[in-house]
Amino acid sequence: MESAIISSQNFNAYFGTNHVVKNVNMDIPKNNVIAVMGPSGCGKTTFLRCINRMHELIPGATTAGKMLLHDQDIYELNPILVRLKIGMVFQRPNPFPNLSIYDNVIAGYKLNGLKLPKADRDAIVESSLRKAALWNEVKDTLHKKGTFLSGGQQQRLCIARAIAMEPEVLLMDEPTSALDPISTSSIEELMYELKKNYTLVIVTHNMQQAGRVSDRTAFFFLGELVEYDDTREMFTNPKDSRTQNYITGRFS
Amino acid sequence: MEKRLQFRLTKSKVFQWIIILFAFLITIPLIAIIFYVLKTGLSKISWHFLTHIPKPVGEIGGGIANALVGSLLIVMVAAIIAVPIGILCGIYLSENKSSKIAYYSRLAVDILQGTPSIVIGIVVYFWIVKPIGTFSALSGSIALAVMMLPIVIRSTEETLKLLPDTLKEAGLALGLPYHKVIMRVIVPCGMSGILSGVMLSVARIAGETAPLLFTAFGNPYLTANILKPMQSLPLLIFNYATSPYDEWHDLAWGASLLLLIWVLLLNITTKWITRKWKVQL
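Chains as they are written, first to last, in this note's numbering: chain D, 1 to 252; chain H, 1001 to 1281.
Among the clues, some could well be false.
[Stated by the list, open to error] Listed next, the in silico DSBU-like pairs over lysine-lysine satisfying Cα-Cα at most 30 angstroms (straight line):
| hint | chain 1 | residue 1 | chain 2 | residue 2 |
| --- | --- | --- | --- | --- |
| 1 | D | LYS66 | D | LYS30 |
| 2 | H | LYS1180 | D | LYS131 |
| 3 | D | LYS85 | H | LYS1276 |
| 4 | D | LYS110 | H | LYS1180 |
| 5 | H | LYS1276 | D | LYS118 |
| 6 | D | LYS22 | D | LYS239 |
| 7 | H | LYS1180 | D | LYS118 |
| 8 | D | LYS110 | H | LYS1278 |
| 9 | H | LYS1180 | D | LYS139 |
| 10 | D | LYS145 | H | LYS1044 |
| 11 | D | LYS115 | H | LYS1271 |
| 12 | D | LYS145 | H | LYS1271 |
| 13 | H | LYS1276 | D | LYS144 |
| 14 | H | LYS1097 | D | LYS144 |
| 15 | H | LYS1180 | D | LYS144 |
| 16 | D | LYS115 | D | LYS22 |
| 17 | H | LYS1278 | D | LYS145 |
| 18 | H | LYS1276 | D | LYS139 |
| 19 | D | LYS144 | H | LYS1271 |
| 20 | D | LYS85 | D | LYS22 |
| 21 | D | LYS110 | H | LYS1276 |
If you are wondering where the hints come from, they were derived from the structure by calculation, not from laboratory data.
So that you can see chain D by itself, here it is in the shape it has in the complex (with noise of 0.2 angstroms):
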């Protein structure tokens, strides 16, 4: 596909000898939301961790094949660079406590160390927060802590904290499985406007918010990518019956 963004190709991942995620080929178009289902264990997360490289800082963890951004394989850059460039969204939100909302919004930049002027910190925040769709809600106490939020909040200040790195591709895992029905199509609005400016993936066992949020859906089972379609097409018309067996409700 010529306008992939991230391109995996042969990739399996390893929790030492247990193979999780099993020879994946999967291409993921720029500026769309790309959801990846499955049921639990089918190491859909796992699958995420390796396109940031998080999956490596877990002791005895494992990569094989090829995970390319740009053509250019992950698994050969620097993965602070890789993960600059690809940012990332816990399933529970982790706002750092000891920082304001607007520290939290600015940590990429001020924890890194890079300087910059007050009104471009100012401005990186409120666009950020404004992209985040939070902007209206704690534009009078940003210099309150950031775990005073609600948890959706939180999750929304998660968000803004990893756009204001201006990344290009943002990886959700489970964004909206520790949040409230409120919170969570908030969320999943954002989703819809996030994509005109970035790529995102996102990790969820909920089908309803893969079909309501995605263009193309995955869909893992015991660790192979079974299924990989436009979603309306995967959810009306699914080729593999295991996929078919998942979506209708035989098993989860």
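On the provided structure of chain D, position chain H as indicated by the hints.
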């Protein structure tokens, strides 16, 4: 059945009262010490007492300025030596929970914590005082630093272990290098625990006498040269309390009260810091 239940309820009641009694009893030694030291020491403390050095036997007056300055200096230098080493070692132990080095390091720390302070004093005497050829405040600081280390290391380790891994991942996912994640995310979040460990270890060594006997040695004059023998509060108390002179006993009581206040203040500040710096996760 009714009777047996009654009996069991009574047993519970008795047990409850016993633990309340003991919780109350353990405050008695502290209250007794504070009361007695206050009663005998308070009248000795004055501005003169704090700003003058001891007078020779027979002369009235004199103070403990030399010991006060000495104690502050010796403890400060000990902290400067022990705190960075202790925190870094604690970081290693919390980051590498199951490595071989961590296992032996943790074992060493535990044994060090149980090592009698007099033994540490003697070892420092043979390794530092003897080769250099003179008693010095610095050697006393080194002995005290060795005593501080286990407390700083273990409190750092325990504090950092309690922080969730997601915090570290948040930093790494932003493209922060490992050392920045540790120094700018993990350590600040654990600051209250680390600081309280440091304060408690300072409180612990402030009153140590044994390690200083063969190292800082004591000095009847005021000095700020850490390469020379130096007086300190516990040494002064030890030497003067065992002397036959009443004037010196008075100085020892005053110094005891001062030391007690110092340690109490450190403990109270620790509690305050822990609350103030506590990071809400």
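These are the hints, each one checked on the structure:
1. In summary, the hint linking LYS66 of chain D to LYS30 of chain D is supported, as the alpha carbons are separated by about 19 angstroms, within the 30 angstroms threshold.
2. About 27 angstroms separates the Cα atoms of LYS1180 of chain H and LYS131 of chain D, which keeps this hinted pair within 30 angstroms; it holds.
3. Note on LYS85 of chain D and LYS1276 of chain H: the hinted pairing is violated, with a Cα-Cα distance of about 37 angstroms set against a maximum of 30 angstroms.
4. The hinted pair formed by LYS110 of chain D and LYS1180 of chain H meets the criterion: a straight-line CA distance of about 11 angstroms does not exceed 30 angstroms.
5. Distance check on the hinted pair: LYS1276 of chain H and LYS118 of chain D sit about 29 angstroms apart at the alpha-carbon level, within 30 angstroms; holds.
6. About 20 angstroms separates the Cα atoms of LYS22 of chain D and LYS239 of chain D, which keeps this hinted pair within 30 angstroms; it holds.
7. A threshold of 30 angstroms between alpha carbons decides the hint, and for LYS1180 of chain H with LYS118 of chain D the separation of about 22 angstroms falls inside it, so the pair holds.
8. Of the pairs offered as hints, the one joining LYS110 of chain D and LYS1278 of chain H holds, with about 22 angstroms between alpha carbons and a cut-off of 30 angstroms not exceeded.
9. Simply put, LYS1180 of chain H and LYS139 of chain D have alpha-carbon atoms about 28 angstroms apart, close enough for the 30 angstroms limit, and the pair holds.
10. The straight-line distance between the Cα atoms of LYS145 of chain D and LYS1044 of chain H is roughly 49 angstroms, outside the 30 angstroms bound, and the hint therefore fails.
11. Of the pairs offered as hints, the one joining LYS115 of chain D and LYS1271 of chain H is violated, with about 36 angstroms between alpha carbons and a cut-off of 30 angstroms exceeded.
12. Restraint check for LYS145 of chain D and LYS1271 of chain H: the C-alpha separation of about 22 angstroms stays at or below 30 angstroms, so the hint holds.
13. Of the supplied pair hints, the one linking LYS1276 of chain H and LYS144 of chain D holds, its CA atoms being roughly 15 angstroms apart against a limit of 30 angstroms.
14. With a C-alpha separation of about 34 angstroms, the suggested pair LYS1097 of chain H and LYS144 of chain D falls outside the 30 angstroms cut-off, and the hint is violated.
15. Among the hinted pairs, LYS1180 of chain H with LYS144 of chain D is consistent with the structure: their alpha-carbon atoms are about 23 angstroms apart, no more than 30 angstroms.
16. This hinted pair does not check out: LYS115 of chain D and LYS22 of chain D have alpha carbons roughly 43 angstroms apart, beyond 30 angstroms.
17. For the proposed pair LYS1278 of chain H and LYS145 of chain D, the alpha carbon gap of about 12 angstroms is at most 30 angstroms, so the pair holds.
18. The hinted pair formed by LYS1276 of chain H and LYS139 of chain D meets the criterion: a straight-line CA distance of about 26 angstroms does not exceed 30 angstroms.
19. Taking the CA atoms of LYS144 of chain D and LYS1271 of chain H, the gap is near 24 angstroms; set against the 30 angstroms cutoff, the hint holds.
20. Among the hinted pairs, LYS85 of chain D with LYS22 of chain D is consistent with the structure: their alpha-carbon atoms are about 25 angstroms apart, no more than 30 angstroms.
21. For the hint pairing LYS110 of chain D with LYS1276 of chain H, the CA-to-CA distance comes to about 24 angstroms; that is within 30 angstroms, so the pair holds.
Violated hints, listed in ascending order, are 3, 10, 11, 14 and 16; each of the other numbered hints is respected by the structure.
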